[in-house]
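**Student:** Chains as they are written, first to last, in my numbering: chain A, 2 to 125; chain H, 3 to 315; chain D, 2 to 163; chain B, 29 to 426.
Simulated from the structure, these hints should not be mistaken for laboratory data.
All C-beta atoms in this analysis are idealised placements derived from N, C-alpha and C, irrespective of residue type, glycine included.
Heads up, some of the hints might be wrong.
[As the list claims (entries may be wrong)] FRET-style restraints, in silico, Cβ to Cβ:
hint	chain 1	residue 1	chain 2	residue 2	range
1	B	L56	A	Y78	36 to 46 Å
2	H	L25	A	E30	31 to 41 Å
3	D	M130	B	R238	42 to 52 Å
4	D	M130	H	V272	46 to 56 Å
5	A	R28	H	L25	40 to 50 Å
6	B	E199	A	G95	18 to 28 Å
7	H	A76	B	P47	22 to 32 Å
8	D	N128	A	E102	48 to 58 Å
9	B	R203	H	L25	38 to 48 Å
10	B	D313	D	R53	56 to 66 Å
11	H	K62	A	E102	55 to 65 Å
12	B	L306	A	E22	25 to 35 Å
13	D	N128	A	G95	49 to 59 Å
[Unchecked claim] Here are a few chain B residues that face chain H, going by a calculated C-beta distance under 10 Å:
hint	residue
14	P41
15	P44
16	L49
17	G61
18	T65
19	V68
20	A152
21	R163
22	V378
23	V383
[Stated by the list, open to error] In the EDC-like style, the derived pairs of lysine to aspartate or glutamate whose C-alpha atoms are separated by at most 20 Å in a straight line are:
hint	chain 1	residue 1	chain 2	residue 2
24	B	K167	A	E27
25	D	K147	B	E326
26	D	K23	B	E326
27	D	K147	D	D68
28	B	K323	D	D25
29	D	K147	D	E73
30	B	K343	D	E69
31	H	K40	A	E22
One letter stands for each residue in the lines below.
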Amino acid sequence: MKLGTMLGDIAISLFSRPSTERYPFERSETPERLRGLLIWHPEECIGCGLCAKDCPAGALDVIVLDKEAKRYQLRYYLDRCTFCAQCVYSCRQGCLEMSNERWELTALDRSTFEILYGNGLQNG
Amino acid sequence: MGSTTTRDVLLSLTALLIFPGGLFLLLVGLAYEWIDRKLLARMQNRVGPRWFQPVADTIKLLAKEEVIPDSVDAGLFIGLPIVALAGVLTAAIYVPFPGLPSVFSFPGDLIVTIFLLSLLTLCLGLAGANTFDRFSLVGATRALTQLFAYEAPFLLALLGPAFVAGSWEINEIVGYTDGRWLFITQPFGFIVALIGLIGKLEIPPLDAPEAETEIVAGSLTEYSGRGLALFHLGKGVALVLGLTLISAFYLGGVATPLLFLVKTLALLLVIVGIHALFTRLRIDQTVGLWWRYGTLLVLVQWLGIILWQEVMI
Amino acid sequence: MKTAEALSKARQLVEEWEFKTKTDRPEPNRLDVALTTVDDLIPIVVGLRVIRLGYLAAITGVDLGPDEGDLEILYHFCTAAAVITLRIRVPRQDATVPSLTEVIPSAEPFERELREMFGVEVSGLRNKMRLYLPDDLPEDVFPMRKDVTDQEISQSVTLQEI
Amino acid sequence: MSEVVKKKSFTIPIGPQHPALKEPEHFLISVDGEIVTDAVVRLGYAHRGIEKAVESRTWVQSLYMLERICGICSHIHAMAFCLGVEQLAGVEVPPRAQAIRVIVAEIERIHSHLLWLGVAAHEAGFDTLFMYSWRDREKIMDLLEGFSGNRVNYSVNVLGGVKFNIDDAQETAIREAISFLEERTHHYLHIVTKDAMFLQRTRGIGVMTRSQAEVLGTVGPTARASNVYRDIRVEAPYAVYDKYPARIVMDNRGDLEARFFVRITELFESYRLILEILETLPDGDLTIRMPRRIKAGETISRVEAPRGELFYFIKSNGSDTPERIRARTPTICNMMSVVKLLVGHQLADVPMILVGIDPCFSCNDRMVVLNRDRKIEKLMTWEALRQYGIDYYKRRSA
Numbered sequence: 002m003k004l005g006t007m008l009g010d011i012a013i014s015l016f017s018r019p020s021t022e023r024y025p026f027e028r029s030e031t032p033e034r035l036r037g038l039l040i041w042h043p044e045e046c047i048g049c050g051l052c053a054k055d056c057p058a059g060a061l062d063v064i065v066l067d068k069e070a071k072r073y074q075l076r077y078y079l080d081r082c083t084f085c086a087q088c089v090y091s092c093r094q095g096c097l098e099m100s101n102e103r104w105e106l107t108a109l110d111r112s113t114f115e116i117l118y119g120n121g122l123q124n125g
Numbered sequence: 003m004g005s006t007t008t009r010d011v012l013l014s015l016t017a018l019l020i021f022p023g024g025l026f027l028l029l030v031g032l033a034y035e036w037i038d039r040k041l042l043a044r045m046q047n048r049v050g051p052r053w054f055q056p057v058a059d060t061i062k063l064l065a066k067e068e069v070i071p072d073s074v075d076a077g078l079f080i081g082l083p084i085v086a087l088a089g090v091l092t093a094a095i096y097v098p099f100p101g102l103p104s105v106f107s108f109p110g111d112l113i114v115t116i117f118l119l120s121l122l123t124l125c126l127g128l129a130g131a132n133t134f135d136r137f138s139l140v141g142a143t144r145a146l147t148q149l150f151a152y153e154a155p156f157l158l159a160l161l162g163p164a165f166v167a168g169s170w171e172i173n174e175i176v177g178y179t180d181g182r183w184l185f186i187t188q189p190f191g192f193i194v195a196l197i198g199l200i201g202k203l204e205i206p207p208l209d210a211p212e213a214e215t216e217i218v219a220g221s222l223t224e225y226s227g228r229g230l231a232l233f234h235l236g237k238g239v240a241l242v243l244g245l246t247l248i249s250a251f252y253l254g255g256v257a258t259p260l261l262f263l264v265k266t267l268a269l270l271l272v273i274v275g276i277h278a279l280f281t282r283l284r285i286d287q288t289v290g291l292w293w294r295y296g297t298l299l300v301l302v303q304w305l306g307i308i309l310w311q312e313v314m315i
Numbered sequence: 002m003k004t005a006e007a008l009s010k011a012r013q014l015v016e017e018w019e020f021k022t023k024t025d026r027p028e029p030n031r032l033d034v035a036l037t038t039v040d041d042l043i044p045i046v047v048g049l050r051v052i053r054l055g056y057l058a059a060i061t062g063v064d065l066g067p068d069e070g071d072l073e074i075l076y077h078f079c080t081a082a083a084v085i086t087l088r089i090r091v092p093r094q095d096a097t098v099p100s101l102t103e104v105i106p107s108a109e110p111f112e113r114e115l116r117e118m119f120g121v122e123v124s125g126l127r128n129k130m131r132l133y134l135p136d137d138l139p140e141d142v143f144p145m146r147k148d149v150t151d152q153e154i155s156q157s158v159t160l161q162e163i
Numbered sequence: 029m030s031e032v033v034k035k036k037s038f039t040i041p042i043g044p045q046h047p048a049l050k051e052p053e054h055f056l057i058s059v060d061g062e063i064v065t066d067a068v069v070r071l072g073y074a075h076r077g078i079e080k081a082v083e084s085r086t087w088v089q090s091l092y093m094l095e096r097i098c099g100i101c102s103h104i105h106a107m108a109f110c111l112g113v114e115q116l117a118g119v120e121v122p123p124r125a126q127a128i129r130v131i132v133a134e135i136e137r138i139h140s141h142l143l144w145l146g147v148a149a150h151e152a153g154f155d156t157l158f159m160y161s162w163r164d165r166e167k168i169m170d171l172l173e174g175f176s177g178n179r180v181n182y183s184v185n186v187l188g189g190v191k192f193n194i195d196d197a198q199e200t201a202i203r204e205a206i207s208f209l210e211e212r213t214h215h216y217l218h219i220v221t222k223d224a225m226f227l228q229r230t231r232g233i234g235v236m237t238r239s240q241a242e243v244l245g246t247v248g249p250t251a252r253a254s255n256v257y258r259d260i261r262v263e264a265p266y267a268v269y270d271k272y273p274a275r276i277v278m279d280n281r282g283d284l285e286a287r288f289f290v291r292i293t294e295l296f297e298s299y300r301l302i303l304e305i306l307e308t309l310p311d312g313d314l315t316i317r318m319p320r321r322i323k324a325g326e327t328i329s330r331v332e333a334p335r336g337e338l339f340y341f342i343k344s345n346g347s348d349t350p351e352r353i354r355a356r357t358p359t360i361c362n363m364m365s366v367v368k369l370l371v372g373h374q375l376a377d378v379p380m381i382l383v384g385i386d387p388c389f390s391c392n393d394r395m396v397v398l399n400r401d402r403k404i405e406k407l408m409t410w411e412a413l414r415q416y417g418i419d420y421y422k423r424r425s426a
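Let the sequences and hints guide you as you build the complete structure.
**Tutor:** In structure tokens form, the structure reads like this:
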């Protein structure tokens with residue numbers, strides 16, 4: 002039975018930097034595998050639609066423009082996405098990836114959450 | 003005092019409203035609240051609030067709409083916070099401030115001061131009992147139970163210095179203790195007075211009356227706007243007054259502003275340390291602590307003082 | 002008690018007794034006992050308790066669909082890796098099973114869940130208060146039945162009734 | 029007589045919104061002064077209808093749905109589901125994937141127990157311990173973020189394996205974090221077993237004897253603190269627990285102190301297991317191909333979640349959607365013990381006893397109404413809600 006078993010901790014903390022990160026002013030480095038915004042690379046896409054089929058949140062739509070010319074579009078509903086990366090796993094062509102740089106995705110305008118990949122304007 | 007002149011009235015009003023009572027004290031109270039929160043945060047390896055946070059909180063609360071519940075006595079609901087704050091502010095005019103003797107004094111003002119400080123807790127209890135909210139009711143019961151537990155030992159602990167000074171007037175006691183570090187000769191009294199202050203202000207570990215995880219905010223659960231702000235201000239002022247009294251009585255007086263700052267802040271550091279280190283006591287444990295150990299310690303102290311005086315004189 | 006021992010003991014119990022049961026071993030660590038009548042449930046559970054075999058891990062309701070017209074209620078008892086499952090089939094219309102709470106007090110939450118989700122009347126259950134479902138859901142909507150759709154549930158809840 | 033007593037009793041509502049509860053759940057506590065005379069629990073405030081919802085989703089989608097039953101023990105839910113479905117499909121998952129699953133499960137256990145330690149300390153009014161244990165939990169969160177990319181709901185599992193590999197960098201990070209945490213855990217164990225003030229709030233409080241624990245059907249650390257031999261990792265080893273056996277941690281005191289002791293000691297067990305598996309991590313593939321349609325059949329998958337036994341009953345009808353999935357979470361088993369234990373204790377002990385079982389209400393409430401297709405007019409705008417409130421009070425006062 003002792004009193005004040007955390008005395009050492011509080012004494013050290015009193016004279017050291019707080020461990021809190023002052024977020025908007027300082028950002029720690031994001032890990033390489035961070036799952037942020039989904040990015041689509043259309044070059045390899047065969048339009049199989051597995052990504053959309055497996056998506057648990059219904060956040061993906063594959064739009065077939067021209068099957069012969071292999072022209073597809075991918076509609077990505079960012080506000081539905083749960084960032085589970087099942088689509089990245091399901092894609093056999095490896096044309097989906099999740100960015101580890103673009104992760105601060107909040108916005109005031111809901112319309113910015115609907116991203117249409119492959120309409121010429123890259124990244125919505 | 004002699005005949006009252008305009009100048010006297012003005013001086014008294016200044017003393018009551020601006021310095022050392024009133025505004026000045028409120029600001030010091032807020033500053034000490036900030037130091038309290040900041041120190042606690044740093045001890046817990048957090049950043050803590052910025053310096054204006056308590057002021058901002060108070061302004062925000064004062065500006066908010068006061069929601070008065072259906073079942074309460076509206077007069078009491080609004081009046082109690084005012085009485086509580088008025089009580090502690092009145093107590094302030096009997097307490098000496100850095101370099102200055104107290105504004106008013108009369109023989110026996112120590113008892114009045116302690117009573118006025120208790121008025122805060124009493125108002126808290128009444129405020130809780132006034133509302134029909136269950137958390138408030140439990141909080142009020144606990145606040146009053148705690149009041150009865152610590153009040154007697156706390157009073158006895160503050161009377162120790164008065165006894166050796168041979169006076170019940172704060173100014174005279176302070177005059178006697180100036181330069182005499184009574185906490186060396188009356189260590190038990192000092193400890194009981196300090197812990198009594200923690201209990202009075204319901205600072206953890208003696209915060210059973212407002213234990214957040216059990217009864218939300220205790221008797222203040224129904225208070226939202228101005229009333230809550232006034233109670234908080236009252237507690238801030240009571241903290242400063244308590245620290246001043248204990249430093250003046252036990253730590254060799256607060257003759258200069260520097261001494262005042264150093265001594266009260268050192269005491270505050272100890273209080274925050276206790277806050278950080280200890281688990282909240284249940285109300286039965288609090289009462290047990292006071293009546294089993296607190297009172298006993300003070301009584302032993304008193305016995306020592308009496309014996310010592312008998313031997314010396 | 003080891004897995005194999007538990008399984009053989011349980012098997013012995015149901016085979017020696019006079020209950021009309023059908024046992025099955027779908028997986029090496031499992032023993033399925035299909036009861037033919039609801040009345041056998043309590044005696045078998047008591048029997049399992051007497052030989053201190055397992056604890057009630059869960060009660061699962063399975064709706065076999067309107068075509069079959071039956072509900073299946075599964076009582077899972079676990080010992081080490083062994084799972085002994087008692088299966089009862091009751092008709093969807095006025096489904097009733099006896100309550101286990103007299104024998105196993107911890108069955109109460111499972112039975113309350115079964116009652117409100119599948120509409121299985123549990124006779125002998127003392128506390129019939131709703132455990133999960135909101136109070137404003139009508140008493141005759143059982144969300145876990147196959148023929149109840151999401152739309153039906155959301156339409157039956159009205160905000161005005163709060 | 030009982031009618032008279034009932035009328036006199038003073039009830040205190042704990043929840044659905046209360047500072048002691050981090051999730052919504054309703055307890056109605058009847059007190060006599062400070063002593064609790066009765067307790068009633070009402071669940072269902074966090075119901076999302078997951079068991080119903082998975083019946084209309086594919087097996088792959090169900091995995092993520094089930095992972096979201098609980099935010100803290102998300103991996104173990106997904107793992108229980110995967111193990112069950114793989115068994116149904118008759119697929120042998122590569123050993124490396126199984127090992128990684130177990131490593132993540134143990135990391136999750138550390139995460140959960142540290143989180144619980146903080147919450148329990150907070151309930152006792154010991155905020156300093158709360159802050160420190162959560163600060164150290166951050167190391168685990170960083171580890172999981174670095175490994176999988178998400179801090180919660182890591183989605184490590186896929187049907188047929190795992191998504192992420194443990195490479196050298198991850199291994200170093202895990203070892204570093206564990207050596208730091210091991211030292212801190214010794215410190216925390218010292219605090220919860222030695223600090224006199226803290227022991228005042230835990231020792232001899234909420235005592236549950238072994239026979240009580242068995243009758244009330246408790247599972248997990250709560251049962252083990254009452255000396256019940258119940259740990260699925262030991263009793264029915266799944267994944268790679270047969271190759272890396274876990275040691276069971278038990279205590280015979282059955283009070284809150286014992287629950288602290290058991291959970292914190294289990295942390296050491298988790299550290300040891302992780303290091304041991306890392307040492308001999310088998311090589312090989314991470315995944316194996318899974319069929320989209322799962323063979324018809326039933327299976328039972330039991331795993332040891334941080335809070336106790338997690339029980340999954342999975343039934344397939346041969347199509348690409350599950351026929352029925354039953355998830356019995358550990359909290360529901362332990363919840364009834366709380367209601368029984370509270371009686372006779374002080375009101376101040378209520379939050380402590382409640383948190384002593386490490387309740388997870390989200391786990392508890394997984395079923396019921398999913399309002400996915402609720403019509404738009406049912407969704408109230410702010411104005412409508414305000415008007416509704418005004419009308420409601422008008423009606424009440426009238």
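**Student:** Hint numbers the structure violates, sorted upward?
**Tutor:** 2, 3, 9, 10, 11, 15, 18, 19
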